[in-house]
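So the protein lines, in turn, are chains A and B. If you read the first sequence in our numbering, its first letter stands for residue -5, the second for the next number, and so on. If you read the second sequence in our numbering, its first letter stands for residue -5, the second for the next number, and so on.
No lab work stands behind these hints: they were computed from the structure. Honestly, I wouldn't trust all of these hints.
The list makes no distinction among identical chains, and a pair is therefore deemed to hold if it is satisfied within one copy or across any two copies.
[Stated by the list, open to error] With a cut-off of at most 30 Å between alpha-carbon atoms, the simulated BS3-like pairs for lysine-lysine come out as follows:
#1 Lys121 x Lys(-1)
#2 Lys191 x Lys(-1)
#3 Lys527 x Lys563
#4 Lys153 x Lys527
#5 Lys200 x Lys562
#6 Lys153 x Lys168
As a plain string of letters, each chain reads:
There are 2 protein chains.
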Amino acid sequence: MDKLKAMGDANVTLQDSSFWSERVQLVRETVLPYQWRILNDTEPDAPPSFTIRNLRIAAKEIDGEFNGMVFQDSDLAKWLEAVGYSLATHPDKELERVADEVIDLLERAQEPNGYLDTYFIVKEPDKKWTNVRDWHELYCAGHLIEGAVAYFEATGKRKALDIVCRLVTHISTKFGPEPGKLMGYPGHEEIELALVKLYRATGDYKYLELSSYFIDERGQEPNFFRMEAEARKDPRHYNFAYSQAHVPVREQETAEGHSVRAMYLYSAMADLAKELDDDSLLQACRKLWNNVTQKKMYITGGIGSSAYEEAFTVDYDLPNDRAYTETCAAIGLVFWAHRMLQIDVNADYGDVMERALYNGVLSGMSMDGKKYFYVNPLEVWPTTANHRHDMASVKTTRQSWFGCACCPPNIARLLASIHRYLYSYDDEGIYVHLYSNSEARWETSGQRVTLAQQSQYPWDGHIQFEVQMERPAEFATRLRIPGWTREAQIRVNGHPIAVNVENGYATVQRQWNNGDQLELILPMHVERVVANKFVRANAGKVALQRGPIVYCVEEVDNGTNLSDIVLKKQLEPEFHVDKEFLQGVPYITVQAWRSSLNSDQNLYLPFDEATERVSTEIRAVPYFSWCNREPGEMCVWLRTE
Amino acid sequence: MDKLKAMGDANVTLQDSSFWSERVQLVRETVLPYQWRILNDTEPDAPPSFTIRNLRIAAKEIDGEFNGMVFQDSDLAKWLEAVGYSLATHPDKELERVADEVIDLLERAQEPNGYLDTYFIVKEPDKKWTNVRDWHELYCAGHLIEGAVAYFEATGKRKALDIVCRLVTHISTKFGPEPGKLMGYPGHEEIELALVKLYRATGDYKYLELSSYFIDERGQEPNFFRMEAEARKDPRHYNFAYSQAHVPVREQETAEGHSVRAMYLYSAMADLAKELDDDSLLQACRKLWNNVTQKKMYITGGIGSSAYEEAFTVDYDLPNDRAYTETCAAIGLVFWAHRMLQIDVNADYGDVMERALYNGVLSGMSMDGKKYFYVNPLEVWPTTANHRHDMASVKTTRQSWFGCACCPPNIARLLASIHRYLYSYDDEGIYVHLYSNSEARWETSGQRVTLAQQSQYPWDGHIQFEVQMERPAEFATRLRIPGWTREAQIRVNGHPIAVNVENGYATVQRQWNNGDQLELILPMHVERVVANKFVRANAGKVALQRGPIVYCVEEVDNGTNLSDIVLKKQLEPEFHVDKEFLQGVPYITVQAWRSSLNSDQNLYLPFDEATERVSTEIRAVPYFSWCNREPGEMCVWLRTE
């Protein structure tokens, strides 16, 4: 087991005017205030969320009924977590005051024994811990923990941390192998990874033990969910795989069930594998990783190809028009990839992380930060999607909010913490996983070294680093060579050096001096990408990718009936940067054929009567930017000559 | 309005050893006995149907509970109808005795006021006529009428006819514009077309009037289904279009809702248009016909592309892997096409009728007559279809029977009456709609003329006719030139004549002499057929068709991953007849490419690394014959160079 240390808030600073810093700024200036208004039911353009209201009712400050989902608290928890990350890198007194107030409210809502879940406090106080499978109490607790830890790390203030420590102490009285406790685990995983964070924040090993208990117990026989259902006389069929509870986690070899649940579980498994040097958990993670990323992942990094149970299906079943690919699932894949990356030095994790971040995650939020997709299909035909029952989950326009609003605050907390995903280090040096203008600082050879990174990534693959340090020192700088790269070049102080790539990382090991320049050149071309031949949905089709960005075609640029497009063999791709177009998001143009037969042709006709075609230029925009203009058809996979 | 007379039992005899006569024989010798055993719960290889048992309980001859669907009676009614057609062309004392006995049983079950529906007699006697929308009483009555009429026409025996006349008299006391009656119509259309048959069989105009009432009332405001639901305090949402009750029938321009219901409605509309010279009904039929056949029909003649509500969706939405395409819907399309053909002389109706018969209808029954498909998709991937929730309706193997068993007896009654679909006549001569070894007899110029037809159709397009008559007479022989034909030739007594095609029919008008030979030559080639460019599911793909037969590829012949096949530009098709293969069903071979990359290639890879391919020969079998060997993948639409 290689083990790296991820660089956190203290180590990394994003620089302004880069791809990610612009999005972090959007989260800070627009998304957090917008979501706060929604949590408080004061945003005129979105339906009420009831989240803060529920909490005030739970604190007995107002009268009223609980409203919203059983996991409504988690929306606030994720928002608080995002606030923590934002404050960590960009202090803001007013935002901190607002957060302190809501933490005070959480404290007032918490019951004397530590219990804290507004749904059960307000609506079903007698039903606490009676349906851990469906009712999300542990899930909400997990998000509260993550929020509290992030806020503590950012501000040093312990109040939120104390709240969740009391909550976990209460949970410990309810769950465990001891007589009288529930030998159970949550239906929706989340608290497992949160408890690892709480352990890291507090150093208290009991949190790691409780996480480990939840993980080890899952899927054991007799099955907890079966016993729990029998206890409450619930005869309904339940698919244990939906919650990854069909077999013990170490025996799971294929990704099954609800894809977000799976990602949170696998993330916790990776955390525990690292913390406990648990090789059997790590082996399970690796098998599951291969199954997800080699058999069940869309080119966007989206996962979960079935709306039913929001689930994984079978290998290579990746329909584009009915992809569920929940934003949260792509986010969960980033969480998992990042954790794997701290254990195994393998660029595959970074490649998947990058693929998901730039495509299937970012597609979930509009460019103004106020509209969202929960479901991220790779092909949308509005007339059909708005009509067919088996496409009911596909929304053809972005939504201001959702009844089940897990995704919007999830994307906020990920973007607010994006600086944590860029670098790792170990005794030998630094790892650069993602490219974005930033500064990384760490201690090596008894001194503080700064690596400053500068580029126009992901639009340009020329990346420049400068080493800043007081005195010369030897260490390794390991640069991820993305999987999409055909030929990478590296220069040190302007001189090309041999590029030795191992496990996807090019290592430049040398005696570094202050001011040394390191350049990584990853030439970006518009690539035609094909899918494995067993992916039937993409047979005969290609996706256009440039650097890490997957492109799509939209009706607003190319007219209707996008399935009619056939890319030419001579693609003649051009890359365009136009500040006036789509808020400056670069686009590409390519040469293609389209049918010239008029629309009133017969429904079926001989091939030789239908081969007329006209030459045309097609505009493709980054997938993440789709549906930021007029709604209409969208398509990632296109036919090609 | 042109009006033709369809030639019926007395006019047409199928000859042995032809495509259709073999299937009629299968129905007579295997299907009818098999289905009779199922109706009696004595078939060991199928689940019990309870149909006869319900009837005996209703007749108070045994005790017990009702079992099965609310429309269980209709399975028997359709079987009785099939028996009628079979007896009409092939008398069988034993079968007639069995049918007489079951008709006696029906009579004993009928209530004194004429009411007859075992579900309500046995299970819910107080709920009669309280939910005409959902509970199929009028639907079952319609099928009983069709069965009784067919049996009466075959045997001259009136008992069944009297039973349904009493039933309809009872229905007339319940439905109509008079005070105290329900101003309603059935949720599932069927009785409307049955009443026209009853009118034709009895000459009693009141049956036509009742049919007309049901048709004219449908979709009027205030909506009957809304009022009926309010009366029984049923607040559930109901989609009126599901039952074609969203607007009055003459205002319906697009096919909506449940596709079988729609076909039965449109068939009745065509019947009434003809009987009543109702041009507004005919115009509605023509508009709906164009919508169905030019926007919403699969190449197999299958219709209804959504499992949800078993319904039509939007124009050009024809997914192959989730096609619902119920066997009954294709059968209903044949019913409707045949009726339109007696009004408008237009080969388009015959083309669609032929397309559905040879493909989407026949696919519904195994070649041994004992296994069925309810749903007939054009592409099946078992691993996916058996897993995905949105493909739950797709069965990947043929079934011995169904809980809702509408399709098996429906295909039996259509095949047993197939001779009725071949010919029509009018004052000027005869129309040949379908090609199959047969004899047509009719009166013209004061004498009986016989047209004897001989061919190996649908495998060979050379069709020979001989005219048999006592003395010369002039009349027109009008031959449908199928839409798939590229160049038809006609010879009279060996001499080619000019082929003048009008509305799809070639007319040979002359003085005919006894023994005159007429030859129609329709050269059959393997054609690549493409779909309209708006059919996204088929973009870049072709279907192979030869004559009227649509072909498919199966895993048993071509290995797995059929979506990997790319037909070569140089197709080099060969047509094979091999008595040892697939019970002698001819097949074709074509040249194709397949991917040579092994299966462990990456999930996504550059186009230029994935272009290796190998040349191969592909075997394609008629779509109707698929899944008569080992189950596996199947695919109609294939990629092509």
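Inset, instruction - Tell me, please, which holds for Lys121 and Lys(-1) at an alpha-carbon limit of 30 Å: within, between, both or neither? - result: The answer is neither: 42 Å in one copy and 73 Å across copies each exceed 30 Å.
Legend entry - Lys200 and Lys562: within-copy, between-copy, both or neither at 30 Å Cα: neither (61 Å within a copy, 66 Å between copies)
Legend entry - Homo-oligomer pair classification [Lys527, Lys153; C-alpha up to 30 Å]: Cα proximity of Lys153 and Lys527: none, with 54 Å in one copy and 63 Å across.
Legend entry - Homo-oligomer pair classification [Lys563, Lys527; C-alpha up to 30 Å]: Both: 20 Å inside a chain and 21 Å across chains, each within 30 Å.
Inset, instruction - First find the shortest C-alpha distance between Lys191 and Lys(-1) inside one copy, then the shortest across copies, and answer within, between, both or neither for a cut-off of 30 Å. - result: within (14 Å within a copy, 83 Å between copies)
Inset, instruction - Since the copies are identical, ignore which copy is meant and state whether Lys153 and Lys168 lie within 30 Å (CA to CA) inside a copy, between copies, both or neither. - result: within (23 Å within a copy, 74 Å between copies)
The structure fails hints 1, 4, 5 (numbered hints given earlier, in ascending order).
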